[in-house]
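Let the sequences and hints guide you as you build the complete structure.
Quick note, the sequences are listed as chains A and B, same order.
Residue numbers for the first sequence follow our numbering, so the first one is 1283 and each next one is one higher.
Residue numbers for the second sequence follow our numbering, so the first one is 113 and each next one is one higher.
It should be emphasised that the hints constitute simulated quantities derived from the structure, not laboratory data.
Please note that a few of the clues may not be correct.
What the hints assert, rightly or not - Here are the simulated DSBU-like pairs of lysine-lysine, each with C-alpha atoms no more than 30 Å apart in a straight line: (1) A/1324 - B/169; (2) A/1351 - A/1377; (3) B/169 - B/181; (4) A/1377 - A/1341; (5) A/1324 - A/1340; (6) A/1340 - A/1360; (7) A/1324 - A/1341; (8) A/1351 - A/1339; (9) B/130 - B/169; (10) A/1324 - A/1339; (11) A/1324 - B/129; (12) B/177 - B/129; (13) B/130 - B/181; (14) B/177 - B/130; (15) A/1324 - A/1360; (16) A/1324 - B/183; (17) B/183 - A/1377; (18) B/129 - B/169; (19) A/1377 - A/1339; (20) A/1360 - A/1341; (21) B/129 - B/183; (22) A/1360 - A/1339; (23) B/181 - B/129; (24) B/181 - A/1377; (25) B/130 - A/1324; (26) A/1377 - B/169; (27) A/1377 - B/130; (28) B/177 - A/1324; (29) A/1377 - B/177; (30) A/1324 - A/1351.
Claimed, not checked - Partial list, derived from the structure: chain A residues whose beta carbon lies under 7 Å from chain B: (31) 1325; (32) 1375; (33) 1378.
Note that this is a predicted model, so its numbers are computed, not measured.
All C-beta atoms in this analysis are idealised placements derived from N, C-alpha and C, irrespective of residue type, glycine included.
The lines below spell out each chain.
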Amino acid sequence: ILNVEQSPQSLHVQEGDSTNFTCSFPSSNFYALHWYRWETAKSPEALFVMTLNGDEKKKGRISATLNTKEGYSYLYIKGSQPEDSATYLCAPLRKGAQKLVFGQGTRLTINP
Amino acid sequence: EAQVTQNPRYLITVTGKKLTVTCSQNMNHEYMSWYRQDPGLGLRQIYYSMNVEVTDKGDVPEGYKVSRKEKRNFPLILESPSPNQTSLYFCASSFGQGGYNEQFFGPGTRLTVL
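The following block contains the structure:
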């Protein structure tokens, strides 16, 4: 089973501050990496699907980068707002595989 | 509205009583998948389907069955539920092959097996 590590497991940030967290995965046979946001009492929603080394994607105040050679991705949130409070999940996909393997997530709490 | 629906949303049952959790999507997605979420663990895949009549095991398939007779539906069957199947279950779907495109998740089904 693919080993996916997300750090930190939880994070408390003051409203207005920027933050980032990490997803680490085996770099061999990499094909794609997904990021999802999961708010409490809701279902996960896709943020990004990234495939190319050096790829950077942005959606509003949230952006992500990808390093496939060393096996990590960073998710950045600029100017955190209370609505950013959620668990952020990453899931890599290996070449030839048909399924995602999800990390345990980073639980982000924004303090007003 | 494009969506993935699951029923029931909440279910309390007893050991050994067969149950089915339905999943339906209206986006004409080829790929569908079932996950379970347990405290301290990430989403773990139970079964997935690449298209009609094509299903395969995920990482934790024991105790579950699935079928894909129609493109829009992918029910999860627990023939003889046990307490260790108490969990939060999500159905998801996506275009094309699994993992290559973003997945759309249903609202979740919280199952308790007594």
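Here's how the hints hold up against the structure:
For the hint pairing residue 1324 of chain A with residue 169 of chain B, the CA-to-CA distance comes to about 26 Å; that is within 30 Å, so the pair holds. Between residue 1351 of chain A and residue 1377 of chain A the alpha-carbon distance is near 14 Å, which keeps this suggested pair within the 30 Å criterion. Between residue 169 of chain B and residue 181 of chain B the alpha-carbon distance is near 17 Å, which keeps this suggested pair within the 30 Å criterion. Between residue 1377 of chain A and residue 1341 of chain A, the direct Cα distance comes to roughly 26 Å. Compliance with the 30 Å bound is thereby established for this hinted pair.
This hinted pair checks out: residue 1324 of chain A and residue 1340 of chain A have alpha carbons roughly 23 Å apart, not beyond 30 Å. A C-alpha spacing of about 11 Å is found between residue 1340 of chain A and residue 1360 of chain A, which places the hinted pair at or below 30 Å, so the restraint holds. For the suggested pair residue 1324 of chain A and residue 1341 of chain A, the alpha carbons sit about 20 Å apart, so the restraint of at most 30 Å is met. A distance of roughly 18 Å separates the Cα atoms of residue 1351 of chain A and residue 1339 of chain A; the hinted pair therefore holds under the 30 Å criterion.
A hinted pair counts as satisfied when its Cα atoms are at most 30 Å apart, and residue 130 of chain B with residue 169 of chain B qualifies at roughly 20 Å. Taking the CA atoms of residue 1324 of chain A and residue 1339 of chain A, the gap is about 24 Å. The hint holds against a cut of 30 Å. Restraint check for residue 1324 of chain A and residue 129 of chain B: the C-alpha separation of about 28 Å stays at or below 30 Å, so the hint holds. Under the criterion of a C-alpha separation no larger than 30 Å, the hint pairing residue 177 of chain B with residue 129 of chain B is consistent with the structure, at around 14 Å.
With a CA separation close to 20 Å, the supplied pair residue 130 of chain B and residue 181 of chain B stays within the 30 Å bound. This hinted pair checks out: residue 177 of chain B and residue 130 of chain B have alpha carbons roughly 11 Å apart, not beyond 30 Å. With a C-alpha separation of about 23 Å, the suggested pairing of residue 1324 of chain A with residue 1360 of chain A holds against the 30 Å cut-off. At roughly 25 Å between alpha-carbon atoms, residue 1324 of chain A and residue 183 of chain B fall within 30 Å of each other, so this suggested pair holds.
Only pairs whose Cα atoms come within 30 Å are accepted, and residue 183 of chain B paired with residue 1377 of chain A is accepted, the gap being roughly 25 Å. For the hint linking residue 129 of chain B to residue 169 of chain B, the alpha-carbon distance of about 23 Å falls within 30 Å, and the restraint holds. Restraint check for residue 1377 of chain A and residue 1339 of chain A: the C-alpha separation of about 21 Å stays at or below 30 Å, so the hint holds. Between residue 1360 of chain A and residue 1341 of chain A, the direct Cα distance comes to roughly 11 Å. Compliance with the 30 Å bound is thereby established for this hinted pair.
About 27 Å separates the Cα atoms of residue 129 of chain B and residue 183 of chain B, which keeps this hinted pair within 30 Å; it holds. Taking the CA atoms of residue 1360 of chain A and residue 1339 of chain A, the gap is near 14 Å; set against the 30 Å cutoff, the hint holds. Distance hint between residue 181 of chain B and residue 129 of chain B is fulfilled; the C-alpha atoms sit about 23 Å from each other, no more than 30 Å. A C-alpha spacing of about 28 Å is found between residue 181 of chain B and residue 1377 of chain A, which places the hinted pair at or below 30 Å, so the restraint holds.
Straight-line distance between C-alpha atoms of residue 130 of chain B and residue 1324 of chain A comes to about 27 Å, which keeps the hinted pair within the 30 Å bound. For the given pair, residue 1377 of chain A sits about 18 Å from residue 169 of chain B by alpha-carbon distance, which is consistent with the 30 Å threshold. Distance restraint check for residue 1377 of chain A and residue 130 of chain B: the Cα-Cα separation of roughly 37 Å exceeds the 30 Å cut-off, and the hinted pair is therefore not satisfied. A C-alpha spacing of about 25 Å is found between residue 177 of chain B and residue 1324 of chain A, which places the hinted pair at or below 30 Å, so the restraint holds.
Distance restraint check for residue 1377 of chain A and residue 177 of chain B: the Cα-Cα separation of roughly 26 Å lies within the 30 Å cut-off, and the hinted pair is therefore satisfied. With a C-alpha separation of about 34 Å, the suggested pair residue 1324 of chain A and residue 1351 of chain A falls outside the 30 Å cut-off, and the hint is violated. The criterion of a C-beta within 7 Å of any C-beta in chain B is met by residue 1325 of chain A, whose closest approach is roughly 4 Å, and the hint holds. Among the interface hints, the one on residue 1375 of chain A holds; its C-beta lies about 4 Å from the nearest C-beta in chain B, closer than the 7 Å criterion.
Because the closest C-beta pair between residue 1378 of chain A and chain B is about 10 Å apart, greater than 7 Å, the hint is violated.
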